[in-house]
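Chemist: Each chain, written out:
There are 4 protein chains.
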Amino acid sequence: MRTPAPIAPAQGKLGVLMPGLGAVATTAIAGIEAIRRRLAPPIGSLTQMATIRLGKKREGRSPLIKDFVPLAQLDDLVFGGWDIYDDNALQAATRARVLDGHHLEPLQDVLQAIRPMKAAFDPEYVRRLRGPNVKTGTRRELAEQLIQDIADFKAKNGCDRLVMVWCASTETYIEPGEAHQSLKAFERALDQDDRTLAPSMLYAYAALKSRVPFVNGAPNLSADIPALVEMSRELAVPTCGKDYKTGQTLMKTILAPGLKARMLGLNGWFSTNILGNRDGEVLDDPGSFRTKEVSKLSVLDTILQPEIYPTLYGNISHKVTINYYPPRGDNKEGWDNIDIVGWLGYPMQIKVNFLCRDSILAAPLVLDLALFVDLARRAGMRGQQEWLSFYFKSPVHEPGTKPEHDLFIQQTKLKNTLRWLRGEELVTHVEE
Amino acid sequence: MRTPAPIAPAQGKLGVLMPGLGAVATTAIAGIEAIRRRLAPPIGSLTQMATIRLGKKREGRSPLIKDFVPLAQLDDLVFGGWDIYDDNALQAATRARVLDGHHLEPLQDVLQAIRPMKAAFDPEYVRRLRGPNVKTGTRRELAEQLIQDIADFKAKNGCDRLVMVWCASTETYIEPGEAHQSLKAFERALDQDDRTLAPSMLYAYAALKSRVPFVNGAPNLSADIPALVEMSRELAVPTCGKDYKTGQTLMKTILAPGLKARMLGLNGWFSTNILGNRDGEVLDDPGSFRTKEVSKLSVLDTILQPEIYPTLYGNISHKVTINYYPPRGDNKEGWDNIDIVGWLGYPMQIKVNFLCRDSILAAPLVLDLALFVDLARRAGMRGQQEWLSFYFKSPVHEPGTKPEHDLFIQQTKLKNTLRWLRGEELVTHVEE
Amino acid sequence: MRTPAPIAPAQGKLGVLMPGLGAVATTAIAGIEAIRRRLAPPIGSLTQMATIRLGKKREGRSPLIKDFVPLAQLDDLVFGGWDIYDDNALQAATRARVLDGHHLEPLQDVLQAIRPMKAAFDPEYVRRLRGPNVKTGTRRELAEQLIQDIADFKAKNGCDRLVMVWCASTETYIEPGEAHQSLKAFERALDQDDRTLAPSMLYAYAALKSRVPFVNGAPNLSADIPALVEMSRELAVPTCGKDYKTGQTLMKTILAPGLKARMLGLNGWFSTNILGNRDGEVLDDPGSFRTKEVSKLSVLDTILQPEIYPTLYGNISHKVTINYYPPRGDNKEGWDNIDIVGWLGYPMQIKVNFLCRDSILAAPLVLDLALFVDLARRAGMRGQQEWLSFYFKSPVHEPGTKPEHDLFIQQTKLKNTLRWLRGEELVTHVEE
Amino acid sequence: MRTPAPIAPAQGKLGVLMPGLGAVATTAIAGIEAIRRRLAPPIGSLTQMATIRLGKKREGRSPLIKDFVPLAQLDDLVFGGWDIYDDNALQAATRARVLDGHHLEPLQDVLQAIRPMKAAFDPEYVRRLRGPNVKTGTRRELAEQLIQDIADFKAKNGCDRLVMVWCASTETYIEPGEAHQSLKAFERALDQDDRTLAPSMLYAYAALKSRVPFVNGAPNLSADIPALVEMSRELAVPTCGKDYKTGQTLMKTILAPGLKARMLGLNGWFSTNILGNRDGEVLDDPGSFRTKEVSKLSVLDTILQPEIYPTLYGNISHKVTINYYPPRGDNKEGWDNIDIVGWLGYPMQIKVNFLCRDSILAAPLVLDLALFVDLARRAGMRGQQEWLSFYFKSPVHEPGTKPEHDLFIQQTKLKNTLRWLRGEELVTHVEE
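Residue numbers (our numbering), protein chains in the order written: chain Y, 54 to 485; chain A, 54 to 485; chain U, 54 to 485; chain B, 54 to 485.
Be aware that one or more of the hints could be misleading.
Where chains are identical, the list cannot tell them apart; a pair therefore holds if satisfied intra-copy or between any two copies.
Derived DMTMM-like pairs (lysine to aspartate or glutamate); straight-line CA-CA distance at most 20 Å [what the hints assert, rightly or not]: (1) K262 <-> D244; (2) K110 <-> E451; (3) K455 <-> D247; (4) K372 <-> D337; (5) K372 <-> D389; (6) K237 <-> D213; (7) K110 <-> E228.
Derived by calculation from the structure, the hints in this document are not laboratory data. This structure is a prediction, so every number in the text was calculated from the model and none was measured.
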């Protein structure tokens with residue numbers, strides 16, 4: 054195992070730039086501000102709350118992660134972003150109806166001060182939304198404007214470092230095409246105003262060009278194409294993604310490893326979701342839904358390894374549906390029917406009803422990923438960060454390998470990576 | 054880390070002696086027979102179906118566990134046991150209504166041939182049951198009769214080795230008393246016909262005395278008292294327990310680590326069960342229920358570590374109820390309400406409805422534990438086997454330490470112990 | 054109120070002809086045969102099990118319905134039908150996997166003897182199915198062949214009377230067109246081989262032409278078009294329909310009246326279904342699903358009367374989805390989320406999970422409707438029988454009126470109609 | 054049918070006196086005040102929102118109930134009550150955490166002005182509660198003090214009429230004893246300070262003595278003993294009860310009639326509840342739970358008539374449990390497992406999960422019952438009012454008769470009683 058490089062200290066301000074200042078972004082910003090003011094604990098955030106066990110169990114060494122690796126301080130974070138609506142963060146948060154009025158009230162000043170920059174938007178990629186706060190121009194022009202936005206934000210806010218964290222909508226489904234195969238092809242496509250470059254790719258390109266790490270919270274291709282992987286390696290910028298693992302898929306990556314641990318078979322897994330927020334509206338479009346569906350469906354196969362366990366997992370009916378149902382608002386609800394098979398082939402059922410809150414689950418991921426990807430940058434890590442798979446529905450991975458979906462392996466990988474970074478012994482749970 | 058001893062080969066017949074030839078035992082026996090005849094795959098059994106990854110991921114080495122460590126062959130197993138009813142195994146299986154008639158039919162001859170020996174029973178310990186097939190005598194006399202039963206069975210069936218696997222009822226709740234504190238006190242209590250020695254302790258004593266490993270599938274104290282721990286160490290016999298982890302608690306040890314991995318808080322966890330089998334009838338007695346309740350309640354605290362995470366897990370309403378509801382039969386059903394807390398303290402709910410089958414989930418554990426505890430014996434392991442915690446609701450553990458309840462750590466521990474036994478590298482999920 | 058006509062006695066054999074000898078029809082036939090042989094009670098059948106209260110409560114008069122009105126005897130029933138597969142009823146029942154082998158075994162002879170006649174089928178109307186056992190010819194020729202089938206069956210089986218009970222698939226969605234507006238237009242369309250005449254209309258036409266009452270168990274238009282309503286009145290033949298009310302919609306027409314009785318408001322009602330039988334396969338086609346969806350969605354509006362209660366029911370998100378999920382087989386499962394609103398607008402939720410069996414719920418309706426529509430014929434009732442709304446998802450109704458969906462009003466209507474037929478006092482539940 | 058008496062007009066103020074100024078009472082008061090100020094519609098209240106159909110359906114006559122019978126106006130209501138805590142109604146409402154702060158804020162003045170009178174309380178009857186605001190004295194003295202309270206309240210508030218509506222806790226289980234058999238025995242027991250007179254009986258006695266109608270919202274015996282029934286008849290005062298039908302039992306009386314309408318059999322009905330309010334705390338005491346359990350269990354038998362339908366309903370496992378689970382607060386949650394049986398005995402399951410709000414469902418019943426029992430008084434109706442069964446879990450009924458539990462028959466009874474009071478034709482749903 055190679056020796057880790059020394060990690061640069063986290064000095065100065067860290068700017069967090071978010072494409073999409075909607076429910077997720079404003080919930081994250083409001084929450085971080087509340088935490089800074091000691092109004093709330095940082096529930097759901099590993100970087101703030103979790104400990105990491107070091108050495109043997111009997112040694113009793115379990116520092117907080119934030120005391121173990123040099124992360125940016127919450128007080129050093131500055132927020133900005135882009136949106137197709139020109140609501141400030143307070144208006145957007147109020148509209149999103151995630152947080153109650155009494156939670157927003159003490160934070161009004163901070164939220165009002167955050168106004169979105171004009172978005173790079175193409176309605177062909179998100180068919181159910183239209184907004185006034187958009188840039189115009191060719192793909193190349195849009196990219197240049199974003200690069201300029203980044204530079205302006207950094208200068209204006211006196212930031213030492215920046216990260217970009219995608220918090221906007223799911224784009225329509227596309228497969229990687231010719232323009233995405235190399236950085237050269239990508240640059241040419243920019244010049245030719247090639248519409249196969251999705252807006253999210255322009256953001257990722259602008260970030261990388263500016264040496265800003267990019268976190269992809271949606272299932273969009275974005276930085277996960279050969280062209281931008283190449284760019285991130287060459288410019289030594291880390292990226293990670295895709296698609297925040299929050300509600301139903303989080304549960305899937307908890308439950309499936311558990312069932313497999315016990316060698317229980319599976320006949321089918323039927324997942325349905327009802328949600329009534331803007332995300333639900335966007336996913337009511339078949340193109341955007343397809344992108345999300347691919348992200349959600351991939352999970353089981355890699356966890357269950359049907360190629361190794363054909364008797365148990367070789368023939369699973371796996372179905373995922375999403376329904377736009379306005380009464381739910383942001384309170385996304387999942388219903389899963391898991392048809393398992395036991396001894397002698399006897400069938401059993403597990404039904405999981407998750408009354409969750411979409412943005413409440415996503416917000417701490419925004420914080421953790423901003424801090425971890427900034428850590429990665431300072432530790433000299435480049436390209437796609439597989440050790441952050443823990444946070445994503447569709448973890449990026451090396452071509453030719455399979456992504457790791459098992460939440461518990463992902464967790465071990467994340468924590469052992471931190472241990473490795475600091476030269477601590479890796480944990481194996483034997484003879485402790 | 055110390056070097057493992059060489060493992061004696063698994064030659065000759067292995068007798069599996071089960072106190073309690075009811076639903077669980079007969080489902081296990083019938084299933085193993087069906088598997089031997091290639092009528093069914095061994096679903097739910099790690100020893101038969103699971104693989105174990107060796108070396109680095111890219112090496113692609115993943116043999117079956119049963120090809121990796123020298124386990125007894127299914128064809129070498131012989132079954133016997135005790136029960137308070139004198140039904141043969143076919144009658145008992147039919148009465149239990151776990152397996153359909155068409156599954157039992159081809160196995161009739163084998164099952165009919167298995168007739169229970171007279172049980173050592175005390176109605177004070179299981180108040181809801183009475184049966185005619187019972188031994189009489191003092192505690193000492195009962196123990197001696199059991200030792201004789203074991204010797205007779207071994208001789209009659211030409212067994213090379215034996216294991217004892219508890220498949221009988223939950224006894225009433227007791228705390229370890231004076232008679233349980235040392236082997237000497239225990240022996241004296243036997244002589245004095247001391248009623249604080251529960252029948253399950255007599256079985257465990259008889260097994261250990263006969264150098265037969267003891268598996269404790271119920272939450273009863275049984276071998277988990279200082280007297281018998283001492284005896285198992287001195288006589289170099291392994292034991293393991295307590296209480297098969299099957300339905301609701303299995304789910305709990307899958308879900309709780311997942312929620313904790315994400316630093317989601319918990320306000321409460323309400324678990325209710327409905328079941329209509331003999332087990333449900335026994336647990337309708339408050340004394341027996343108390344024993345089970347203690348076993349079920351202990352789980353969350355050790356997984357969640359409220360002492361380290363008081364904000365998240367310091368104040369949980371954890372409640373478990375069991376309801377005897379005849380329409381369910383053996384199809385135990387669990388309903389869990391998990392009240393979680395996220396970002397800024399927002400509450401969410403996870404509801405899990407598990408339509409499970411009690412004996413179907415327990416049967417493969419009988420097989421795995423019989424084989425693993427026999428392996429442990431041949432590998433020279435003695436005393437309580439913590440690496441088998443994976444299978445138990447209340448894992449035995451060293452005094453002064455906490456049991457490990459997290460299913461995924463338990464799994465890592467089990468597999469890394471097997472790797473260690475064979476001199477293979479332990480897995481850490483880093484840099485693979 | 055007009056005086057009822059005398060009812061002709063139920064003498065001789067009653068032939069029950071079923072288009073579609075699949076899961077529903079064979080479950081009905083097998084069950085009726087089992088009941089005739091005293092192997093099972095007629096659970097789910099009003100005509101066989103229900104009582105009807107007469108006079109004041111204190112009089113204690115509650116005869117069985119079958120002793121109160123002159124229904125055909127079960128022993129007088131003879132079964133026949135059409136299907137696109139040429140399986141006999143035993144094969145079809147086995148394939149449908151609704152009834153266990155041990156239920157079918159004693160009935161083998163009877164079931165094997167029932168072989169389907171060739172079906173009038175048009176794949177344009179049911180896109181997911183294809184079968185070999187089909188008639189050829191123009192619409193007119195198909196109709197004539199069906200009429201001949203009916204006459205042949207009657208003669209061959211020595212029937213005194215016949216009824217036709219639709220048990221086949223849901224056809225694709227169509228709106229009534231020109232050819233359906235009058236009997237004359239319909240006859241002309243037959244001659245012109247007009248494909249807007251759905252196969253189910255040909256069956257209904259053939260039945261009416263033969264003076265055979267027609268029961269419509271699917272949501273297809275069938276006899277519910279002006280042309281055939283006209284015909285049923287002129288020829289004095291009763292019809293009824295549409296779409297057996299079995300699982301989820303049955304629950305809806307039970308729950309919605311209850312919520313309305315208490316003036317609880319409604320924000321939304323989300324219904325999803327998973328099923329894996331042939332019906333599920335057919336409904337996976339958007340055209341057939343649309344027909345079913347219209348039938349399922351109509352229910353709430355008429356029960357809740359949003360025009361009278363706009364505050365409570367003026368703005369409901371009502372959504373119904375059906376998912377083809379093979380692991381369920383015929384065990385259709387429904388999940389309903391009912392978002393209700395109470396005092397001061399506070400929201401509450403009712404979630405209903407119905408693990409039902411599609412054909413088990415439908416089979417007794419086949420029996421009841423065959424007997425009741427035959428009674429109606431003998432009582433001189435003609436045209437659409439609204440008093441049988443109790444059994445249907447989309448009750449037929451007079452043009453310009455609204456259908457009655459409330460199960461409890463439907464039940465009162467049915468029972469008071471029977472009371473009226475026999476000259477008994479109608480029940481009002483006052484001063485009893 | 055006898056002719057109804059003329060109804061005295063509803064002039065002047067109507068005082069509503071509530072024993073128990075806790076969650077239910079304060080939610081009712083706050084809501085009525087909000088409705089008076091047009092801040093909210095009276096959802097859940099029949100008297101305010103429901104219409105009543107008159108004549109034939111085609112006549113289209115459906116006035117609001119409040120326009121059809123002469124009810125007291127909301128503006129004429131005045132509220133008062135007793136409680137063992139001396140919180141004013143605002144403090145009590147805040148503590149109960151039923152209504153959000155922003156709902157209570159505009160109503161602060163009204164709520165603050167309502168202060169509880171000292172309660173007649175005996176800790177033997179409600180073991181889990183203790184409070185400082187209690188009267189002292191013998192049973193006779195307590196009764197006299199209550200009578201004086203009533204008179205004082207009436208005078209002080211210038212009321213024309215009063216009603217008393219029980220909103221306090223469930224008392225421990227008792228059977229009617231000697232002291233309850235006649236008014237004479239009751240009076241003697243008062244003089245002898247007989248502790249078998251429960252506090253709730255003293256309230257009922259004081260009400261009747263003051264000619265004030267009494268509504269019993271709890272399952273306590275209260276006025277449902279021969280002594281007080283006799284008194285209510287002699288003094289021509291109406292009473293009604295027992296136990297508001299709100300969550301789970303409401304659902305039961307909706308669903309059971311629906312299942313019976315279809316002649317579906319029942320193997321079992323398992324009901325569990327989790328709730329965390331004061332009611333849950335009180336019911337955690339086995340004595341109080343027993344009172345509630347009896348009330349909840351009685352429902353199914355009378356609806357299903359097992360004596361008439363032994364095959365379907367002769368052997369039902371009916372189980373009800375209540376669990377005190379603090380995380381739920383007032384948001385009581387019910388989970389029902391309904392094991393139904395269909396055609397040929399095939400089992401099916403209905404699972405109902407009701408996320409309800411206890412006090413939100415009860416509050417409108419307080420309003421309706423206050424208005425209806427006042428109407429009954431003005432219409433000269435005396436004794437137990439069976440036509441108000443619609444609102445109660447354990448409807449009072451004539452000795453020797455069975456209570457009516459079917460919500461739909463109850464509704465018909467209520468509405469037809471109103472029709473009868475006004476000389477309108479009763480509805481039968483035939484030939485409309």
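Chemist: Hint by hint, say whether it matches the structure.
Modeler: Consistency of the hints with the structure:
With identical chains, the CA atoms of K262 and D244 are at most 20 Å apart within one copy only, with a shortest distance of 16 Å there and 73 Å across copies. When the C-alpha separation of K110 and E451 is checked against a cutoff of 20 Å, the pair qualifies only between copies, where the shortest distance is 13 Å, while the shortest distance within a copy is 33 Å. Proximity of K455 and D247 under a CA criterion of 20 Å is satisfied in neither setting, with 31 Å inside one chain copy and 56 Å between copies. For a Cα distance limit of 20 Å, the shortest separation of K372 from D337 qualifies both inside one copy, at 16 Å, and across copies, at 13 Å.
In this homomeric assembly, K372 and D389 come within 20 Å of each other (Cα to Cα) both inside a single copy, at 10 Å, and across copies, at 18 Å. Taking the shortest Cα distances, K237 and D213 never come within 20 Å of each other, neither inside one copy (30 Å) nor across copies (72 Å). Taking the shortest alpha-carbon separations for K110 and E228, neither the intra-copy value of 47 Å nor the inter-copy value of 28 Å comes in at or below 20 Å.
Violation of the numbered hints given earlier is confined to hints 3, 6 and 7; the remaining hints are satisfied by the structure.
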